[in-house]
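S.K.: What follows is the residue order along each chain.
2 protein chains.
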Amino acid sequence: MAIVSVPVEKSYRLLNIGATTLVSAKAEDIENVMSVAWSCALDYGPLSKVTTVLDKQAFTRGLVEKSGLFAIQIPVANQAELVIKLGTTSRHNNPHKIDDVEIFYPDGFDVPLVKGCAGWIICQLIRDENNQQNHDLFIGKVLAAYADDRVFKDAHWIFEQAPNELRTLHYVAGGQFYLIGESLEVK
Amino acid sequence: MAIVSVPVEKSYRLLNIGATTLVSAKAEDIENVMSVAWSCALDYGPLSKVTTVLDKQAFTRGLVEKSGLFAIQIPVANQAELVIKLGTTSRHNNPHKIDDVEIFYPDGFDVPLVKGCAGWIICQLIRDENNQQNHDLFIGKVLAAYADDRVFKDAHWIFEQAPNELRTLHYVAGGQFYLIGESLEVK
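Chains F and Z are the protein sequences, given in the same order. One rule links them: number in the working numbering = place in the first sequence (from 1) + 99. One rule links them: number in the working numbering = place in the second sequence (from 1) + 99.
Because the hints were derived from the structure by calculation, they are not lab data. Treat the hints with care, since some could be wrong.
Put simply, identical chains are the same to the list, so a pair is met inside one copy or across any two.
[Claimed, not checked] DSS-like mimics (lysine-lysine), calculated; alpha carbons at most 30 Å apart, straight line:
id, residue 1, residue 2
1, Lys155, Lys240
2, Lys214, Lys155
3, Lys155, Lys184
4, Lys252, Lys196
5, Lys155, Lys165
6, Lys286, Lys165
7, Lys286, Lys240
8, Lys165, Lys252
9, Lys155, Lys286
10, Lys286, Lys196
11, Lys196, Lys109
12, Lys286, Lys184
In this text, all values refer to a predicted model and were calculated from it rather than measured experimentally.
Isolated chain F, as found in the complex (with noise of 0.2 Å):
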């Protein structure tokens, strides 16, 4: 396994199968993770850019919003526990929120990624007082991408190559995602 680029104008196919995400940001050295359901690709090529929905509840929100910097990231099955754990806390009623998660940072970006993803994308906030006050919708400009490749390939999802595992995540409700499935293909 190996955590390989992926071109900016090419980050939105991971988002282009609306897989759950975590968003992840770090302002003035307190990081935070949330899942995130609502991300989505706005636009691709050069500038490729994405949005996603921080409630105004979130702690992460408040790290975006100083550090004009976030994460999106695809988690996979074998992290569907952490996924909803990251959801259903907040780092405002116990700082230790993230302590057992695993971290670390891509080269020459100051923010946190989670170990384990199938995919991540760095932005840098593009700001919005109108989206972000009255959506809470964020948008971000696509800095650079990265995949694993067990699972993510020249562009492409790889899943009937990978382990069950290494599935996307497609949240429903409670503690209930469906995976990832069957490839189908129009010729």
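For this one, chain F is given, so just place chain Z on it according to the hints.
M.R.: Showing chain Z alone in chain F's frame:
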């Protein structure tokens, strides 16, 4: 099989799993439908909102701008060929683009819906020139939602009880999708 109402406040559940969508609209008696990989929930509750990304070249975009009304619908496996066709042809070039598409109208809303989908969300455009012009991003307020009760019931997807051809499509690239897969529950 029956098409049942989904409460507006739970309509985000139709989008949570990140399936590829179809966006439809009608203005001045002209209808159109296009495939959109980038539709997402934006809020839940009585003021449920959605986002969708409509390129400036998209014929459907003009209809949405004129009428202020659009529908996001969730197509399924046996519509894969249709989804590719509706995503690779434009009514700008082919006025007969949707002649073969089976359309129906919901009670009370003048917006065309595609038969055979798993879910339909009727939205009123919340106009925002900055988002529309600079990001091709359209925000909608959910007015009503419906689902095929073989596959979505009591605000939950029930894929494990439905035929495989009703599984949702998650777009990769070219003609390839992944179908939604197995349920995974964290206790």
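S.K.: None of the hints should be skipped; say for each whether it holds.
M.R.: Hints versus structure:
1. Lys155 x Lys240: Both, since 21 Å and 20 Å are each at most 30 Å.
2. Lys214 x Lys155: within (26 Å within a copy, 38 Å between copies)
3. Lys155 x Lys184: Cα proximity of Lys155 and Lys184: one copy only (19 Å, versus 40 Å across).
4. Lys252 x Lys196: Close neither inside one copy (32 Å) nor across copies (34 Å); limit 30 Å.
5. Lys155 x Lys165: within (14 Å within a copy, 33 Å between copies)
6. Lys286 x Lys165: neither (48 Å within a copy, 35 Å between copies)
7. Lys286 x Lys240: The answer is neither: 34 Å in one copy and 36 Å across copies each exceed 30 Å.
8. Lys165 x Lys252: neither (34 Å within a copy, 41 Å between copies)
9. Lys155 x Lys286: between (45 Å within a copy, 28 Å between copies)
10. Lys286 x Lys196: between (47 Å within a copy, 19 Å between copies)
11. Lys196 x Lys109: For Lys196 and Lys109, only the inter-copy Cα distance (29 Å) is at most 30 Å; the intra-copy one is 32 Å.
12. Lys286 x Lys184: For Lys286 and Lys184, only the inter-copy Cα distance (11 Å) is at most 30 Å; the intra-copy one is 41 Å.
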